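Undergrad: Residue-level listing of the chains:
2 protein chains.
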Amino acid sequence: MKRFLINELGNLIGEEILIKGWVYRVRKLKNITFIIMRDRTGFVQCIAENSVIDMSNIKLESVISIFGEVKESKNVLNPYEIGIQQFELISSVNEELPIEINKETLEVNLDTMLNNRVLSLRHEKISSIFKIQNLIVQGFREFLSKEGFTEIFTPKIVAEGAEGGTDVFELKYFENKAYLAQSPQFYKQMMVGAGFERVFEVAHVYRAEEHNTSRHLNEYISMDCEMGFIEDEKDIMDLEENLIIFIINKIAQEGKKYLEILNVNLPKITKIPRIKFSDVLEILSKEYNKSDLDGDLDPDAEKLICKYSKEKLGCDFIFLTHYPRKKRPMYTMPLGETETHSFDLLFRGVEITTGGQRIHDYNMLIDNIKYKGLTPEVYHNYTSIFKYGMPPHGGLAIGLERITAQLLGLENVREASLFPRDRTRLTP
Amino acid sequence: MKRFLINELGNLIGEEILIKGWVYRVRKLKNITFIIMRDRTGFVQCIAENSVIDMSNIKLESVISIFGEVKESKNVLNPYEIGIQQFELISSVNEELPIEINKETLEVNLDTMLNNRVLSLRHEKISSIFKIQNLIVQGFREFLSKEGFTEIFTPKIVAEGAEGGTDVFELKYFENKAYLAQSPQFYKQMMVGAGFERVFEVAHVYRAEEHNTSRHLNEYISMDCEMGFIEDEKDIMDLEENLIIFIINKIAQEGKKYLEILNVNLPKITKIPRIKFSDVLEILSKEYNKSDLDGDLDPDAEKLICKYSKEKLGCDFIFLTHYPRKKRPMYTMPLGETETHSFDLLFRGVEITTGGQRIHDYNMLIDNIKYKGLTPEVYHNYTSIFKYGMPPHGGLAIGLERITAQLLGLENVREASLFPRDRTRLTP
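Residue numbers (my numbering), protein chains in the order written: chain A, 1 to 428; chain B, 1 to 428.
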């Protein structure tokens, strides 16, 4: 017999139907028992007459099927309910649940929530996070596909730690040493040079960073794109501005239910302010008496400049531009002696994107690798592509868990990862 | 000035426009020079008068911009051409190209092609492979999203080698040992149990297999899905049948240009034949005198049964069902003493999917782990989820590079990976 989903029942008043799902609540009165069933689409109240069917012993979170009639009703969940005629226990719960998930808010600490991920995810305030995350990813892909970008899949096992970074995970690759990719940076640039011009990738990246903060994961999802034939980094910022607006509009249209569950208001943006890094330092010093920064912002400074953007410029986002050359990777296009054609995008106190124009001239790249104190020969596989016709190009990367966490007001980025990996967590 | 793409020029006859791209061919005659430019959308012939502009020294694969007038013309490429008024060299080529890419077919062996990936990908017979691959991935996601599946991202760094397999890459994870995930199997099952019911993931997976064949990669893209509340594995086969039809229709509609470049005919299917594994053995023995198999097919047997399906049943695909229990992983739902509710999907001689119903009963799972000679305690994080209400479920995985290679008639699966990783290859 066909299974109906709970959100389809509104059109089936008077019909006899079969539904399947988890037992969310059981309340036994003298003559009747109320069962609330949950499936992936919602909740429905079902009623058993105790003289006919005994459902009083059924355990919370058991999987059951219910056959019965859809009746008009006025309950808090729906304008209908199910009069139970038969039920079947599909999968029983024989142990006590390690966390109590069947109430308004999940009152457990982060570690307990993550240790019991399969149960905590059954709570709609938790699952909704990932439904919104889905829309972010879909929006990213849709927008870029529409703009002529091709999706790519590039290797995560690489011969060199990319970007001259040190925080790489090392791997035994048969007889050789290998590393987990910190980003698809080199590969996405290669794909621009391979004639694809515009590419994007949504994939895992790895950072062997020792610090265990609320904003770091050692494995996370990076939404990357790279675009050829740009004028400079402003083309990339324009792209990201439109991309962010597109994603927010998509969530507004398709994610309404989840936004309500999470009690979240989407930011309203039409234009994202752009401030030079050097001006940011001045603002921080003048407005907030913060002047201990050297070439990059610390978490405190990120919060303050976002506060400034929100209060003075009316925007939850802010582009910081003209980042100092000494703090940017070797592939970043310099601007004069000390600055670069690169930017960060901050959102509600946290950096969610680094982007910018890249060097496309072979000799300039070799010089800049040396300027950064690195050895050009190490990057031979990468640098050689610049000898055979490389257009001016640039790109960006958005951390999926970070943008999700900032958008939904989550305190810890781990809440936006189904099964996070951090300094100490390898399970579940 | 705005850059136009080559495929936009048909509507701009008589206009002065700017285009940018790579120099594909140069042919100097006495009075004029023909330049064929390539951008991501196609090719266009451009003509310079030698007395006005000297473009004769321009090197193949340089990146240039051309400003000129779009004129009607009858050339092999388009019904128009560009009369060059100005050009600019954006990125020069100063070294001889290591491979000759500017002809009808790329005549290099596989290693040379992969060693020079950025150049070989500029050839439209190579780039078209990945444009089709894009449509396969998009089709997979679109179809499943439409069917109520949620996209998930699960960890690739795991504490245990999944599925009891031995071919795992080992990793130093701070003080601990970890492994690269062989599949998202456990996690996608967990997400069914987490109430999402239907999930999919498209992501990298890792197999540390020693063999270096034309059908194996050590890092590849797995298109996985898992579905709750099924009757048995036939629901999964029905799903895959419709999924494959959807993908092929999508390619037929959106990939015409690339199919023509690759000279590929799509398979026509409405229904995929289903044959029991035990019957397959009989057919192989009777029809092809092949009887050296024990519980699984070898590559030769896969080719023969596909030949049979094509010639006798008229289909490029074939489902093999009722796989023997002794050869299937511990999570596979048994069927009697010796068979399972699992299947493979073969396509033109190669297995592209393994799928089936999984065990959802805790005690049965523990028993089956023991039956397979494994230790239940090792899988504690996985098995514990079966205690708290798990619906009957099943799923499948499709190897992206394999389905791409089979669909396009590529001899080696490496041709369907942008930057393949195999027994010896870690670069580029």
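Everything labelled a hint here was simulated from the structure, so no lab data went into it.
Worth double-checking, as some hints may not be accurate.
Each computed DSS-like pair below joins lysine-lysine, with the alpha-carbon atoms no more than 27 Å apart [to be verified]:
(1) A:K131 to B:K2
(2) B:K387 to A:K28
(3) A:K271 to B:K2
(4) B:K303 to B:K327
(5) A:K2 to B:K271
Since the model is a prediction, treat every value here as computed from it, not as a measurement.
Undergrad: Looking back at the numbered hints, which does the structure fail to meet, lowest number first?
TA: Hint check: 1 fails alone, others pass.
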